[in-house]
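Q: Sequence:
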Amino acid sequence: MLGLATRSGNLVSGEFMTEKAVKGRKAFLVIVSREASDNTKKKFTNMCSFYEVPLYFYGTMTELGHSMGKEFRASIAVTDEGFARNIINKLECEE
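The numbering of the sequence shown is numbering that gives the first Met the number 0, which starts it at 0 and goes up by one.
Calculated directly from the structure, the hints in this document are not laboratory data. As the structure is a computational prediction, the values presented were derived from the model and not from experiment. Ideal Cβ placement from N, Cα and C applies to all residues, glycine included. Some clues are possibly wrong.
Have a look at the derived ranges for each label pair, beta carbon to beta carbon [what the hints assert, rightly or not]:
1. 6 <-> 37: 29 to 39 Å
2. 49 <-> 87: 13 to 23 Å
3. 37 <-> 81: 24 to 34 Å
4. 0 <-> 25: 14 to 24 Å
Take these sequences, add in the hints, and give me the full structure.
A: Printed below as a string of structure tokens:
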């Protein structure tokens, strides 16, 4: 699903772009790698809580990057509500 969201232009990655999407109220879902630094995790936890955006910690940086056709990413934001809902359902099924 992340690959489809990337190809359709409904996914941004990297700390700066993810933060911009959340603060611009364009993000419907944020996923942060479990390998991300404690500072990054805290930053996105606080930010997503304030802006009421669902946040999940999932996979490694390499897994997140490969799922969207890149090398590695610590954080990504889904900017389409339909994709976000579908990805959230899949993430909750895995837990």
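Q: Hint numbers the structure violates, sorted upward?
A: none
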